[in-house]
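Produce the complete structure using the sequences and hints provided.
2 protein chains.
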Amino acid sequence: MAKVAILGFGTVGSGVAEVLRENAAGIAHNAAEEITLKYIVDIRDFPESTYGSAHIKDFSVVEQDPEVTIVVETIGGVGVAYNFTKRALLAGKSVVTSNKELVAAHGLELLAIAKEMNVNYLFEASVGGGIPIIRPITQCLAANELDEVYGILNGTTNYILTSMVKDGAAFEDALKEAQRRGYAEQDPSADIEGKDATRKICILADLCFGKNVEPDGVFTRGIGTVTADDVEYARRLGCKIKLLGRAVRLPEGRALVYVAPHLIHKTSLLSNVDGVMNGIVVRGNAIGEAMFYGAGAGKLPTASAVTADIIDAAKHRKARKYLGWEASEPGYAVSPESVPMSWYVRTDSSLTAVGAAFPKVRLVSFPGEYPGAGPDHYAFVTEKASLAELRSRLDSLNILSLFPVLD
Amino acid sequence: MAKVAILGFGTVGSGVAEVLRENAAGIAHNAAEEITLKYIVDIRDFPESTYGSAHIKDFSVVEQDPEVTIVVETIGGVGVAYNFTKRALLAGKSVVTSNKELVAAHGLELLAIAKEMNVNYLFEASVGGGIPIIRPITQCLAANELDEVYGILNGTTNYILTSMVKDGAAFEDALKEAQRRGYAEQDPSADIEGKDATRKICILADLCFGKNVEPDGVFTRGIGTVTADDVEYARRLGCKIKLLGRAVRLPEGRALVYVAPHLIHKTSLLSNVDGVMNGIVVRGNAIGEAMFYGAGAGKLPTASAVTADIIDAAKHRKARKYLGWEASEPGYAVSPESVPMSWYVRTDSSLTAVGAAFPKVRLVSFPGEYPGAGPDHYAFVTEKASLAELRSRLDSLNILSLFPVLD
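Those protein sequence lines, which keep their order, are chains A and B.
Counting from 1, position 103 in the first sequence corresponds to residue 137 in this note's numbering; the numbering is continuous, with no gaps.
Counting from 1, position 51 in the second sequence corresponds to residue 85 in this note's numbering; the numbering is continuous, with no gaps.
Since the hints were made in silico from the structure, they are not lab data.
Please note that the accuracy of each hint is not assured.
[What the hints assert, rightly or not] Dumping the calculated BS3-like pairs for lysine-lysine here, alpha-carbon to alpha-carbon at most 30 Å: (1) Lys229/A with Lys72/A; (2) Lys352/A with Lys300/B; (3) Lys37/A with Lys149/B; (4) Lys149/A with Lys355/B; (5) Lys333/B with Lys355/A; (6) Lys200/A with Lys210/A; (7) Lys72/A with Lys333/A; (8) Lys333/B with Lys149/A; (9) Lys200/A with Lys300/B; (10) Lys200/A with Lys200/B; (11) Lys355/A with Lys210/B; (12) Lys355/B with Lys245/B; (13) Lys200/B with Lys210/B; (14) Lys355/A with Lys37/B.
Below you can see the structure in the form of structure tokens.
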């Protein structure tokens, strides 16, 4: 029998408790032993909770209880969560988490401690919510040299962009609707500004390429600058706008890692990943492209991924999973600044200025707000070039929007 | 160091040898030990082969060599492959395979032998080629009660149907083109008639619901009866036609398992899985729906999945994977005959007859070959009902096509 402690009784933590209870028989069958919840650690009181005496407030009880072999960290953030995770690992317990911020920022160190202690630090739920992605990358695609990973990693922004495309909503209205439906936080900045997607693409890049990427240094553009005009221009270019995290293996042992709204062609499967759903594409030298799709957030989907890790931790109590990556040298992760790609440009500079800067592109325009007034801005897609190479020509224009185009 | 023998040096077998050689360093890193190819067993001569003395013709050499701990069976079929697999397992070696026919027909027995011998029988490549699907189902979704699994499981038929939809090709022409491009065998009957998809949906149902489904008894309809008219009617109904294998958990411990061309709505992600690609949807009580997409066949994608299993077998030499299912009682797997679903019907019976049999449906028609001649057949979608319930009304019409509609 494996005994589990859950740290943090919020949405995900209570979901894990629920899944462990509801699907107990199937979980015991899959783990080949019973898995029981012994403690729920949270400083808050839960008078309505049905878990009774499992509720405690002091983490050190868990830390000192040798019966507990698996600790579930669903506190979030990099404060208490970091402290408790480290202590749990050092106490010889496996830790399972959905905390992408912690894994992205301190995964390298925590995995090293787990290795040292011969226990597991597992985080399937940290990327793609319930979508199986960490395990497929590290196990199912283990025979591949992985060259690229990218995807729609944040459900909130995808919901907003989908509303803008489908209903022609303005960004602010789409955001309000997302908040009303509970798909966006009251302070939605981590999602909107792309930080959440950055944490996730860092974890994916860490695993796919084997070297650590610091989220702090990653080129990150959110969706706050995407306008209804951009959505319409994208449509006329046969594309949709999606916020993508992307990591590409580069020559000379470097990697491109960034987050930005992209134009992606309507015929691609990823362009049809709508609403709060996530989709992640992995490209390897043997498999070609594979895509993983599902609910990227939500109580039960995330709890499903956490619980799969609990089962795995129970099955591998004395056989550590080979999960991990190495430290990277400075300059390992580079931004789109120095890597050739195509860019979508929207500008209200004069046709003459646009023609002088980009003589060969096909301009797309549509009439402005006032009938007969003619277009008041233009959009086009550049040839494949690094931002550094394009800089002087872009600087000659008044740029309204600038997003990469996915090949 | 783990030593491997490959049985059968055809497309997949030679692909596995290639992946083991090309990605040796990454594979050794992921397996935490070197994995070397010791034997290739095939009765044929390969004078051009670069694997030299690894080539042998006598399986008993492998069987009696204690150094070989992992046997890769890529022979195919249920004759020699069955015999060798059994002998390898009984000799205490783990077996890894891409042979869906063997797994579907004898997986129950072979997994029982593997369990008895404390070795592994792994078959990630048997469904969805390179797409990670077996491991995600058995591990990542282990915390879910899985209720349904369905998908485009055969690349050949999907290529043909895609050509019919995109280029308006007739079935025969699309098949010829698929053969010309190497996507269809010279004898394509196992693909066209749906047998290949049936083997795969049986394996998926075995794993998802935990009980054995015999492929022989499964309701199987291929794509030979899909016409260009059906494709056009489907389009007018907002749908595409795709060959799906489908398994649904039913009340009272039974399961619906079948293969048939389906109408699926154009807004579904699966309807955009085109060409030779495969897509598999899994529905669980915690995760909701997840989809797995990628190359369902081909030398390197399939070899990628086989090699992932080799790595797993190496890592679990003394810790058997919990993979398996139970025998089922007679009547466990049922056909669409007795389960309510909606059906697409195409008929050339008179409007009066159609109206008498199905008074409430919306008829779709398009003009016949001769201008002004009016429609010479009609299509409609029935209410949700079992075929048994619809039988008498369908019998009153001359039915040209009859396919289920995916909800």
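Okay, the hints, checked on the actual structure:
no.	hint	in the structure
1	Lys229/A with Lys72/A	violated (34 Å)
2	Lys352/A with Lys300/B	violated (48 Å)
3	Lys37/A with Lys149/B	holds (26 Å)
4	Lys149/A with Lys355/B	holds (22 Å)
5	Lys333/B with Lys355/A	holds (29 Å)
6	Lys200/A with Lys210/A	holds (16 Å)
7	Lys72/A with Lys333/A	holds (21 Å)
8	Lys333/B with Lys149/A	violated (36 Å)
9	Lys200/A with Lys300/B	holds (15 Å)
10	Lys200/A with Lys200/B	holds (24 Å)
11	Lys355/A with Lys210/B	violated (48 Å)
12	Lys355/B with Lys245/B	holds (18 Å)
13	Lys200/B with Lys210/B	holds (16 Å)
14	Lys355/A with Lys37/B	holds (21 Å)
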